[in-house]
Amino acid sequence: MSAGRAAAWVFSAAITVALCLGLERAARRSSGDAGPWRRALARFHDNRVAMVALWIVVAACVVAALAPWLVPYSPTATPDIVALKNLPPSAAHPLGTDFASRDVFSRLLYGARVSLSIALLAILLSATVGTLYGATAGYYGGRVDAVMMRIIDAALSIPRILLLITLLVLWGALPIAALILVLGFTGWFGVSRLVRAEVLSLKERDMVVAARALGARDREIIFRHILPNVLSPVVVAATLGIANVIIIEAGLSYLGIGVRPPLPSWGNMIQDGVSQIATVWWVSLFPGLAIIATVMAFNIIGDGLRDALDPRQLDG
Amino acid sequence: MIALLLRRLAQGVVIVWLVATLTFLLLHAAPGDPVSATLTDPLTPPAVREYWTHRLGLDLPLHQQYLHYLASIGSGGFGFSFPHHRPVSAVLAEALPNTLLLMAVAIAIAFAAGIVIGVVQARRKGRPIDWGLSIGSLFFYSMPDFWLALMMLLVFAYWLRLFPASGMFDPVMYGVMGPWARAVDRLWHLVLPAATLALLVTAGVARFQRAALLEVAREDFTRTARAKGLGERAVVWRHALRNALLPVITLFGLALPALLGGSVFVESVFSWPGMGTLTVNAISTRDYQLLTAVVIVTSVLVVLGNLVADLLYAWADPRVRLEG
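Listed in order, the protein sequences are those of chains A and B. Last residue of the first sequence? That's 316 in our numbering, and every number before it is there in order. Last residue of the second sequence? That's 1324 in our numbering, and every number before it is there in order.
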């Protein structure tokens, strides 16, 4: 291992530890605080399993961000397609090489970069669109709400993966940015239903009635009084949604219509091993394990956030 | 009950119409059209293109195309599939029973196993077995369906050689088998794909069932049952579980889209000749008509599944039935 790469690994480990210790300290200091977010952070901190999951996600993000300095080989170069292809895991190639003599470990790290950034950006879009749609339907109610929610019912009755397959086949090869848009715009239906239910109950509360009595405009009431209060269920749904988007993107890339080779994503790496799964199993095995570890971590964090943000459920 | 059924049916028709309309809008928002997508050879004479454009009605104004499209769905024809050289309805009619068989077996296994696991966890809440099963459920819950299918294929078909790797029956021997051997052969081919799909759903059912039972465990009637001296087993299985099964019925409706989505991957990995395999094959042939039809048929299945779940719920919970 070259000195530069070793230093990069030490550096990324140090950043991970520093970030996690920072979070720990912030949580510990806020246990006596009165703010609801601070108290939620303290409750989350008491959940050891969720904290471990958070460490894993932080580590994955740091490694993904620093991937270019951490990888031993180029993720796309094919040094010797005859002598170096399909090598089993060894000291030189910790996770083996694939059919094109590319190092699976290096591709895995770059794949983390691609898969995680797509998932995070897509979920940001989904959460925003879903919140605005749900808030509009819930706030105006009546016929507007009925029509808007029937549309959501219809959208939710199509399996998302089928909708995406149809869209991507229609639109052909899409650049990554467009893929993020498509993933984001097909992932907000559930969030909007959640937000709508929350808004329906919020708008009858005294603070909203008072604001209206004082002559506040609709937009002001929605953005100042209602949306801040629906934030916590949206945060939970978004965290669980990241887990879902990672799996969906992997599925699409596996089918060859998501992230296109040679750019590695965890999904298309699994596809690379399919035709020789019985003999060259390491090509498909390790990206799958990476997906499971990350998705499990996001699911655990989501569950932990739900418990922390809604203490009423805690005694369950 | 009849009124409930009719109202739900009407809502279902509206939902399917909305799905069809959304799909139509998406089809026309996309660049290109079925003709240029299918006749990709640049040397195709313009006359051929014009012929197909006219025959598919693509030269009509949009609102007329929409009406034609709705009519073709309403009649169950779904247009013509170029790559299959057959009407889409004929292609789907072959695949649909295979998918339904796979789904029915998977659902039966998943709900039976999931409910039992959920009950075991709820009874041993906080103990090591609850922890172990929770982590196990989460592990499968967090797994990409196609990857699980691949690993099942690798371990059980290639390494252990316990089950066949693909298809619905043995391509060579099936012709000379007796009826009994044929049934066993078909069952043998069903094991891996059904088990894969079932594993993915079991995890969700177990998580749900555990939460529902813990919810019910706090209610008065559970305490009454315990107070009158019933054994723990009778309390859980006869009193608590009967009430905690209600939310699981709703899950039946909710699990369908996930199951139908998962069957796309599971079927294609095990070469199961159902709608999922058709879908994956339609990707490379860019078979618009088939994909549209699959989306609509799937939404019909989901709507019907939810209808069944609603009726089951009304049957199981008199409070819903009385409200109508």
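Hints in this document: simulated from the structure, not taken from any laboratory. Mixed in with the good hints, there may be bad ones.
As the list claims (entries may be wrong) - The calculated DMTMM-like cross-link candidates involving lysine to aspartate or glutamate, where the alpha carbons are at most 25 Å apart (straight line), are:
#, chain 1, residue 1, chain 2, residue 2
1, B, 1228, B, 1215
2, B, 1125, B, 1219
3, A, 85, A, 153
4, B, 1125, A, 145
5, B, 1125, A, 153
6, B, 1125, B, 1059
7, B, 1125, A, 307
8, A, 203, A, 145
9, B, 1125, B, 1220
10, B, 1125, A, 303
11, A, 203, A, 218
12, A, 203, A, 220
What the hints assert, rightly or not - Cβ-Cβ distance ranges computed for the label pairs, FRET-style:
#, chain 1, residue 1, chain 2, residue 2, range
13, A, 79, B, 1166, 52 to 60 Å
14, B, 1173, A, 197, 50 to 58 Å
15, A, 147, B, 1250, 42 to 50 Å
16, A, 82, B, 1085, 36 to 44 Å
17, A, 231, B, 1090, 50 to 58 Å
18, B, 1237, A, 46, 53 to 61 Å
19, A, 175, B, 1097, 34 to 42 Å
20, A, 5, B, 1237, 36 to 44 Å
21, B, 1090, A, 275, 45 to 53 Å
Unchecked claim - Residues from chain A that keep clear of chain B, each with C-beta distances beyond 12 Å, as calculated:
#, residue
22, 71
23, 120
24, 168
25, 233
26, 262
27, 284
On a predicted model such as this, the values are computed, not experimentally measured, just so you know. Even for Gly, the Cβ is constructed at its ideal location relative to N, Cα and C.
- Task: Starting from residue 85/A, check that the Cα of residue 153/A is at most 25 Å away, please.
- Result: violated, 49 Å
- Message: Would the non-interface assignment of residue 233/A survive a Cβ cutoff of 12 Å against chain B?
- Response: holds, 17 Å
- Holds or violated: 50 to 58 Å for the Cβ distance of residue 231/A and residue 1090/B? holds, 51 Å
- Query: Is the straight-line distance between the alpha-carbon of residue 203/A and that of residue 220/A 25 Å or less?
  - Reply: holds, 13 Å
- Quick one, are residue 1125/B and residue 307/A close enough, alpha carbons at most 25 Å? Holds, at about 17 Å.
- Hey, is residue 120/A genuinely clear of chain B, shortest beta carbon separation above 12 Å? holds, 17 Å
- Query: CB of residue 5/A to CB of residue 1237/B, is that within 36 to 44 Å?
  - Reply: Violated - the Cβ-Cβ distance for residue 5/A and residue 1237/B, about 59 Å, lies outside 36 to 44 Å.
- Hey, residue 1125/B versus residue 303/A, does the alpha-carbon distance stay inside 25 Å? holds, 17 Å
- Taking only the CA atoms, is the gap from residue 1125/B to residue 1219/B under or equal to 25 Å? Distance of about 17 Å is within 25 Å: holds.
- Status of the given 34 to 42 Å range, CB of residue 1097/B versus CB of residue 175/A: holds, 40 Å
- Message: residue 1125/B and residue 1059/B were given as a pair; does the straight-line alpha-carbon distance stay at or below 25 Å?
- Response: violated, 65 Å
- Task: Please work out if residue 1125/B and residue 1220/B have their alpha carbons no farther apart than 25 Å.
- Result: holds, 19 Å
Against the hints set out earlier in the document, violations occur for numbers 3, 4, 5, 6, 13, 15, 18, 20, 21, 24 and 27.
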